[in-house]
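So the chains spell out like this:
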Amino acid sequence: MPTLFKKTSSKTGLSPGTLVHVGERKSESVTITVMTYDWETFVERKVRSVEECLPCKESPTVTWINVDGLHDVSVIETIGKHFGIHPLIQEDILHTGQRPKMEDADSYILVILKMLRYDDNADKAQTEQISIILGDNFVISFQEAEGDVFEPLRGRIRGGKGRIRGMGANYLAYAILDSVVDHYFVVLEKWGERIETLEEALTTNPKPETLQAMHNLKQEIIFLRKSVWPLREVIGGLERVASPLVSDGIAPYLRDLYDHTIQVIDSVETYQDILSGMTDLYLSSVSNRMNEVMKVLTIFASIFIPLTFIAGIYGMNFDFMPELKIWWAYPALWGVMIAVAAGLLLFFKRKKWL
Amino acid sequence: MPTLFKKTSSKTGLSPGTLVHVGERKSESVTITVMTYDWETFVERKVRSVEECLPCKESPTVTWINVDGLHDVSVIETIGKHFGIHPLIQEDILHTGQRPKMEDADSYILVILKMLRYDDNADKAQTEQISIILGDNFVISFQEAEGDVFEPLRGRIRGGKGRIRGMGANYLAYAILDSVVDHYFVVLEKWGERIETLEEALTTNPKPETLQAMHNLKQEIIFLRKSVWPLREVIGGLERVASPLVSDGIAPYLRDLYDHTIQVIDSVETYQDILSGMTDLYLSSVSNRMNEVMKVLTIFASIFIPLTFIAGIYGMNFDFMPELKIWWAYPALWGVMIAVAAGLLLFFKRKKWL
Amino acid sequence: MPTLFKKTSSKTGLSPGTLVHVGERKSESVTITVMTYDWETFVERKVRSVEECLPCKESPTVTWINVDGLHDVSVIETIGKHFGIHPLIQEDILHTGQRPKMEDADSYILVILKMLRYDDNADKAQTEQISIILGDNFVISFQEAEGDVFEPLRGRIRGGKGRIRGMGANYLAYAILDSVVDHYFVVLEKWGERIETLEEALTTNPKPETLQAMHNLKQEIIFLRKSVWPLREVIGGLERVASPLVSDGIAPYLRDLYDHTIQVIDSVETYQDILSGMTDLYLSSVSNRMNEVMKVLTIFASIFIPLTFIAGIYGMNFDFMPELKIWWAYPALWGVMIAVAAGLLLFFKRKKWL
Amino acid sequence: MPTLFKKTSSKTGLSPGTLVHVGERKSESVTITVMTYDWETFVERKVRSVEECLPCKESPTVTWINVDGLHDVSVIETIGKHFGIHPLIQEDILHTGQRPKMEDADSYILVILKMLRYDDNADKAQTEQISIILGDNFVISFQEAEGDVFEPLRGRIRGGKGRIRGMGANYLAYAILDSVVDHYFVVLEKWGERIETLEEALTTNPKPETLQAMHNLKQEIIFLRKSVWPLREVIGGLERVASPLVSDGIAPYLRDLYDHTIQVIDSVETYQDILSGMTDLYLSSVSNRMNEVMKVLTIFASIFIPLTFIAGIYGMNFDFMPELKIWWAYPALWGVMIAVAAGLLLFFKRKKWL
Amino acid sequence: MPTLFKKTSSKTGLSPGTLVHVGERKSESVTITVMTYDWETFVERKVRSVEECLPCKESPTVTWINVDGLHDVSVIETIGKHFGIHPLIQEDILHTGQRPKMEDADSYILVILKMLRYDDNADKAQTEQISIILGDNFVISFQEAEGDVFEPLRGRIRGGKGRIRGMGANYLAYAILDSVVDHYFVVLEKWGERIETLEEALTTNPKPETLQAMHNLKQEIIFLRKSVWPLREVIGGLERVASPLVSDGIAPYLRDLYDHTIQVIDSVETYQDILSGMTDLYLSSVSNRMNEVMKVLTIFASIFIPLTFIAGIYGMNFDFMPELKIWWAYPALWGVMIAVAAGLLLFFKRKKWL
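So the sequences go chain by chain: A, G, V, H and Z.
In this text, residue positions in the first sequence follow our numbering: the first is 1, and each later residue adds one.
In this text, residue positions in the second sequence follow our numbering: the first is 1, and each later residue adds one.
In this text, residue positions in the third sequence follow our numbering: the first is 1, and each later residue adds one.
In this text, residue positions in the fourth sequence follow our numbering: the first is 1, and each later residue adds one.
In this text, residue positions in the fifth sequence follow our numbering: the first is 1, and each later residue adds one.
By construction, these hints were calculated from the structure, which means they are not laboratory data.
Everything numeric in this text was worked out from a predicted model, so none of it was measured.
One thing to keep in mind: the hints can contain errors.
Treat identical chains as interchangeable: a pair holds within one or across any two.
As the list claims (entries may be wrong) - When the alpha-carbon atoms are kept at most 16 Å apart in a straight line, the in silico EDC-like pairs for lysine to aspartate or glutamate are as follows:
1) Lys207 <-> Glu323
2) Lys124 <-> Glu220
3) Lys226 <-> Asp266
4) Lys352 <-> Glu292
5) Lys57 <-> Asp136
6) Lys26 <-> Asp68
7) Lys46 <-> Asp68
8) Lys190 <-> Asp319
Isolated chain A (complex conformation) (with noise of 0.2 Å):
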């Protein structure tokens, strides 16, 4: 889990704004794909270098550049050269372990987030960085590979459907952002299973099993928890930017993306205290079910050990022991042996033991 940091140190001691790709290569080839849109034209294409995409920073249209992986260092280079990127902001989208930011660079805004996505096979959550560029016409968004959230949201470009077409870059940023909140409610509802099904195994069936379950949980929403928390200021500070880039028109959408990121944030937090009484009630059914073992214990060895004693007294082999000789003294000790069982029975009873 700390993967994060392994890279980080092969960086260590380079000139900053040294453009190093620092995460794991998850892409075979970088993709460019370029969508230039308004209200009648629509064009989609994949393009081969970045400057084949020049010429829509002339246009009135707005574009999308989206780029998939980030270990060809040459390609964010040349891109933040046409764009007029700041080379720390370059450094920033290819450092995958960010913590997400918001930056007003004048010219452009850049936003870093986490992507969620849940992986039914590891059963456990994915993160990837995502970087977004907002310029005047333009949004160019980062990835570290192919295979993102943002389906159906080219498919209302596609299609025309809703409001998008008629809107500018800010409102196509926004509709990013808000396809990866929206897909954090999607791991968060996974996470809610996970959690119903421990709650249910913890009151009919508690196994180290499920303990060990709880854990991996808790320690899975403590890592991406890192990844959420610091969404609040990034979306709070888009709605607060005094940048032309973003237009009064987009504020009650930002204010809308804000109202998802507290919610995210707020179930993130009551998972974490519902897990933590889950805990706090496992532990205590341990101590229960050993307390109960104890007693079964007590009970068996406090009745029938003195009874062994006194069954070993009368198994001794002196010469003068008058009591042997009696003959009604073997169901005289039944009777003893009985009567002292019962007493303790008794005994435990009291206690509420039985």
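Using the hints, position chains G, V, H and Z against chain A.
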């Protein structure tokens, strides 16, 4: 319990502002009731379609439109169109997993909060989302299902009791909020009773079921706390909002409502602290009882196991065991055994185990 | 303990501002006492009806009207009418489950807080709500029952001791608040004594009752903390309020009062920390004792069970057991058994269990 | 430890500003020492009455009046009268359970704080209240008893070392505060040593006494933290105060003092975290040892109890037990018993209990 | 670990601003190295005395004076005199137990922080204090000993790589800070590896040593957190400082550095949460194993103790025991014993203990 998030994912990928009802379908049909009143007049009726209640928009009387049931999206859409409600706000109203919020949209104010009702059968609190639109001379309230906590309020309007018939729409909105918050105290009271019952069970006869019941109450509080916490900022925001819709006259009422909200939050926190203290007490009483069980076992075993060994010695069949021939050996052995037992009892007495 | 919420529900559904006494009926009849004084004059009397004390409103002397008992709503209503007190504030005064608060209503200032008294019989702190209305030249105080912490203050007024007779109504209000907060220290002191007693019990002879007593004190503190916490903002608010009713002259007194309040809160927090540390110590001492019990059991059982087995062997009745015939077999076996026991004792010694 | 509150109640009901010494009578008689100095001159003397040191008020030299012992109220009253100190502030000086505070009274500044000294005999930190009045050209300090941490400071003044003789009264006040805070580090160091000793005891041979010692240190820190926490605002307030008494020249000194205060608070927090981690470790080491004890018991009992049973079988006296007649039955039984024991040992080995 | 405070007391009582080296003497001699550079020129040399590097103060080039070793107070004093550094700041530089801080002294800015290095032999992080004085065209850095994390930075200056040779002294100061913070990630990475190893040990074979190792890591993190936490305000303060020494050009670099600092703090918090979760898991796995041990004991004891008792009965030597004469009594007893054992096994199976 995390059913809240189950339905959210069905909305992922849709365009923001797309109207989809997110939540359980709690009522069969959508019911719209309209109350129109001022100091002299009062009309109450059930309407079939939203259009019927449009004339009231122009009238100087106060109108309260109450919509029960959110699953028919077209109803909300029609209301939205006629009363000029932003699509994102319509979406919020339909999304029943909403966090409590307040939004000032100039021509109207939206307040979303949770209505709590204590279900005595399930012995737990139920939550229902209620959205309130406060306009110039109207209030529209949206509920998930029929049945609410507003009957006493309706009675006051019908009977002309109190000052409500002489006040404007904002007082009506306040009165609705006040009814909701007042009902929180009913839930708090029920929780208080459950805590009292548990506390008593804890001091007289703590059982694993007691722990489970404490756990359930804790989780219930954690989950509902999410609905109550944001109320502080919602009501506080309403108090501070610089809108002509909120006149100075109702400021003391809102302050009073705010005080109640703080009191609810305080009580929830107190309950959590008390429950947490009770869990600690339960756990230590489990330890205490275990201790007692162990002491009983130890005392029995430590006394009789050595005695049984002594008896075992003289049960051996060696040909040359001179003690067996001595006539006073048997009574002497009894003496030894009683001495051993007494010595051990003294030892345990000294250790304060008896 | 959550009796506080029991009565609240009886008010649910009533119009805001409806006057209903919420709380236990603590006194039989409502008593009104009036003190009127300035530097030279002093009059004290019990009045039958509120109207009797109206003339003092016009007089330049300071008047203190003290109302004991809240169950007669008409008394509060009459006072409210004559002194121009807002219905919502009258409601607050009657609702004894109120959170401490301060409100500046221009012509008067309301302060509601809790008076703590230590009930030595029940050995727990009792809480009573007290509401103070500070007007231009009068102070009205409302208490739930007769009997209060103000006797020394009354004595100072009667005897003309200190500066009180020469100061205005706001100094009187301060003196009342000061008396209340001073009494908090008495309760803190009693709690301190209980903590000391418990701490001693913990180090000498911890018993389950000690734990229960710690738990009770903890819950008592949690519950009363609710009354004390909001005092910080109440007194702080009073210090900062921009009202002519609070003159500059009493600023140092209010600052002093504020310091005392902070000190109370600090002490309550310290007590909670100390109690929490004591609970941890208790729990670990339980574990320690359990450990000791187990060691005794283990040592006894581990030594005598093997020996009993050896004795059991030679108690068998096989026809062919050559050892039984050997004359030195019996003493030799004793040797073996002593060796086994010694070896085990040495083993436990090495493990530091002895 | 809560002796702090024992005496407070003796003051309840007195008029605010009434001078009563609240606290333990730590010194026999009140001693007043006066130091008067500037760059060239230096006079030090013990005075009998306060009046003797009044001329210094007019002189341009810096005067330090130090009062040891607070039980003689008249001394403080006389000083108060001559130096114009508000009665409430005189009260604060006399009340030794005071929370550290700073107050700017225009003509002088009051600082109250706690002086910590480590009592090596009791092996615990002792606290003493010290109040400092900073006037135009004088500093008055009040201590509970003789004996303080200012000897080195006095030495510097006497010897004219450092810059102190060339600076004003505010530098003297700073130097006094600095001496007090410097001594906090001595206490921290002693605590650090105790923690180190405990940590070592914990890893080598944890005993119940170790736990008790950790508990005592924890309570000591909790209790003294109350004295240290408010220092942050006291010194911070002194730094920010807009008084001509605090000249710009000593700003860097105050900032330095503030840094030290933060460092003290940081260290106290770190100690608490470390102690809390140590308690956890102790508790789990107790669990671990219990586990080991149980394993030993279980192994012994589980092996020998079945064997004893087998031996018991052939100790029975039935007339018809054919096995008893067979000559190889006895050695065969030995074989069986060894096999059973070996099997059980293997079983425990597999479970990693051996 | 609290060695930090050991030396502080040696300073108690000295005049503020007295220069005494507080800390361990880490290096043998004081080494001063000077680097002077601009875009074209670069000179690096070791100097004997501080005076040698004075000419650079007048030159337009950037000068980096690095001092290794703090025990020779005269060196710092000489530098202080020549560069106009306040005695209190010199004192701070010499006091190695300093809390990280930033101070703007108009003609220069002081930054003190901790340099972390991971000592692979001791397998723990080592801390060293580094103080940086940023002047108009020079940077002076003070370290406790030779050997630091700046070699790559020096390499960049020597080789003229990156933009450093073209930037001013403030960029150099930033680059030094950046190197220090970059190294924090190396330590974080090492801690991450240790956590991973512990986590694995925890799921496969938890041993008391695992717990001890977790405890050690926890204490290490608690202790070093003290060095990292204040960095947020140090770097944040540097970003906001209104000094001509910090030009606009380096604002984005400082913001970047600030982001890294926040990331470090986030990670430390995450580590603490993860470790705390692991401790809980360890403790419950101990409980689980104890439970298992107890079950084995209980099953063995509960089955064989009653059986031994039965065998004991027929080992008694009474003259009149009719059962002993019956030929089928012995096999019948075997049947009874097998039935008892089977019944108990079934009982335990039902209880899910098997």
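For this session: Up to 16 Å between alpha-carbons, please classify Lys190 paired with Asp319: within, between, both or neither.
Result: neither (79 Å within a copy, 71 Å between copies)
For this session: Give the relationship of Lys352 and Glu292 under a CA distance limit of 16 Å: within one copy only, between copies only, both, or neither.
Result: Cα proximity of Lys352 and Glu292: in one copy and across copies (12 Å, 12 Å).
For this session: Go through the copies and call it for Lys207 and Glu323: within, between, both or neither, with a Cα cutoff of 16 Å.
Result: neither (54 Å within a copy, 46 Å between copies)
Problem set entry | Copy assignment of Lys124 with Glu220, given that the CA separation must stay at most 16 Å | within (8 Å within a copy, 26 Å between copies)
Problem set entry | Within, between, both or neither, where Lys226 and Asp266 count as close if Cα-Cα is 16 Å or less | both (14 Å within a copy, 7 Å between copies)
Problem set entry | Alpha-carbon proximity context of Lys57 and Asp136, limit 16 Å | within (9 Å within a copy, 42 Å between copies)
Exercise. At most 16 Å between C-alpha atoms: does Lys26 with Asp68 qualify within a copy, between copies, both, or neither?
Worked result: Classified as within: same-chain Cα gap 10 Å, cross-chain 44 Å, threshold 16 Å.
Exercise. 16 Å Cα cut-off: does Lys46 pair with Asp68 within a copy, between copies, both or neither?
Worked result: within (11 Å within a copy, 50 Å between copies)
Against the hints set out earlier in the document, violations occur for numbers 1 and 8.
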